[in-house]
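**Student:** Sequence:
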Amino acid sequence: MMSWLFTGMLVLSLLFGILNGRMEQVSISAVNECSNAVTLAIQLAGVMCLWSGLMRIAEVSDLTGKLSRLFRPVMKLLFWHLPADSKAAKAIIMNLTANLLGLGNAATPLGIAAMKELEKISPRKGISSNEMALLVVLNTASLQLIPTTTAALRLAAGSAAPMEILPAVWLASSMSILSGILAAKFFSRLFGKGAD
360 MMSWLFTGML VLSLLFGILN GRMEQVSISA VNECSNAVTL AIQLAGVMCL
410 WSGLMRIAEV SDLTGKLSRL FRPVMKLLFW HLPADSKAAK AIIMNLTANL
460 LGLGNAATPL GIAAMKELEK ISPRKGISSN EMALLVVLNT ASLQLIPTTT
510 AALRLAAGSA APMEILPAVW LASSMSILSG ILAAKFFSRL FGKGAD
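Under the numbering used here, the first residue of the sequence shown carries the number 360, and numbering increases by one thereafter.
Please keep in mind that the hints were generated in silico from the structure rather than gathered at the bench.
All values derive from a computational prediction rather than experimental measurement.
Be careful, since some hints might not be right.
Stated by the list, open to error - With a straight-line Cα cutoff of 30 angstroms, these simulated DSS-like cross-link-like pairs (lysine-lysine) come out:
(1) LYS544 x LYS446
(2) LYS425 x LYS446
(3) LYS475 x LYS544
(4) LYS446 x LYS435
(5) LYS479 x LYS425
(6) LYS484 x LYS435
(7) LYS435 x LYS544
(8) LYS544 x LYS479
(9) LYS544 x LYS484
(10) LYS479 x LYS446
(11) LYS544 x LYS425
(12) LYS446 x LYS475
Starting from the given sequences, assemble the full structure and let the hints guide the process.
**Tutor:** Right, dumping it as structure tokens:
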């Protein structure tokens, strides 16, 4: 599906470039963006290696177990059939913790690890389970206590008080995550056939 989407965007870009007489600009942009894509891939690989390593250290030091016990009430409410000490539950907790701290780059590899663990225990391989859908919702509409990425961007843009957005972030992320959880639970009940 994604390959069709990207192919369509590429073809439309070329078509509009030809129709508007801007093929020179399209070709210059294509060459420039190739180097940007390689740079981004290397940066993301480095970040994923860092956080995957930290996740492994957290597992070995039993930090994931401690966080698992701390978040157990929330996990029982949202992912009630997952055992609290399972690899999937621990990966989800680490992902949620990274999101709570506003570490979006850290949440990505942790979310991928959580999805892999959920796939292993899914009764229907290759089909997204209700738990996977809920994890995507929790990841996308994450509650952030400390929006570090946003604060860093505001600071880089010259903001005198980059953290003054905290109340707005808390309100907006609370409402988005509540709406997302309710929608995910509603649709899992409506369409059934999940473990949830």
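**Student:** Hey, LYS446 versus LYS435, does the alpha-carbon distance stay inside 30 angstroms?
**Tutor:** 15 angstroms, holds
**Student:** Tell me if the straight-line CA distance from LYS446 to LYS475 falls inside 30 angstroms.
**Tutor:** 10 angstroms, holds
**Student:** Check the hint pairing LYS544 with LYS484 against an upper bound of 30 angstroms on the C-alpha distance.
**Tutor:** 21 angstroms, holds
**Student:** Holds or violated: LYS479 with LYS425, Cα cutoff 30 angstroms?
**Tutor:** 23 angstroms, holds
**Student:** Is the straight-line distance between the alpha-carbon of LYS544 and that of LYS479 30 angstroms or less?
**Tutor:** It holds: about 22 angstroms lies between the C-alpha atoms, which stays within 30 angstroms.
**Student:** Does LYS544 sit within 30 angstroms of LYS475, going by the straight-line distance between their CA atoms?
**Tutor:** With Cα atoms ~21 angstroms apart, LYS475 and LYS544 stay inside 30 angstroms; holds.
**Student:** Keeping to a limit of 30 angstroms between CA atoms, is the pair of LYS544 and LYS446 held or broken?
**Tutor:** Satisfied, since the Cα-Cα distance of roughly 23 angstroms is no more than 30 angstroms.
**Student:** Compare the distance between the alpha carbons of LYS425 and LYS446 with 30 angstroms, and conclude whether the hinted pair is satisfied.
**Tutor:** Holds, because 13 angstroms separates the two Cα atoms, which is no more than 30 angstroms.
**Student:** If you draw a straight line from the CA of LYS479 to the CA of LYS446, is it 30 angstroms or shorter?
**Tutor:** Holds: LYS479 and LYS446 sit about 10 angstroms apart, inside 30 angstroms.
**Student:** Has the given pair, LYS484 with LYS435, been kept, meaning a C-alpha gap of at most 30 angstroms?
**Tutor:** Distance ~24 angstroms between LYS484 and LYS435 Cα, so the pair holds.
**Student:** Please verify whether LYS544 and LYS425 have alpha carbons no more than 30 angstroms apart.
**Tutor:** 27 angstroms, holds
**Student:** Check whether the Cα positions of LYS435 and LYS544 lie no farther apart than 30 angstroms.
**Tutor:** Answer holds: LYS435 to LYS544 is near 14 angstroms, not above 30 angstroms.
Taken one by one, the earlier hints all hold for this structure without exception.
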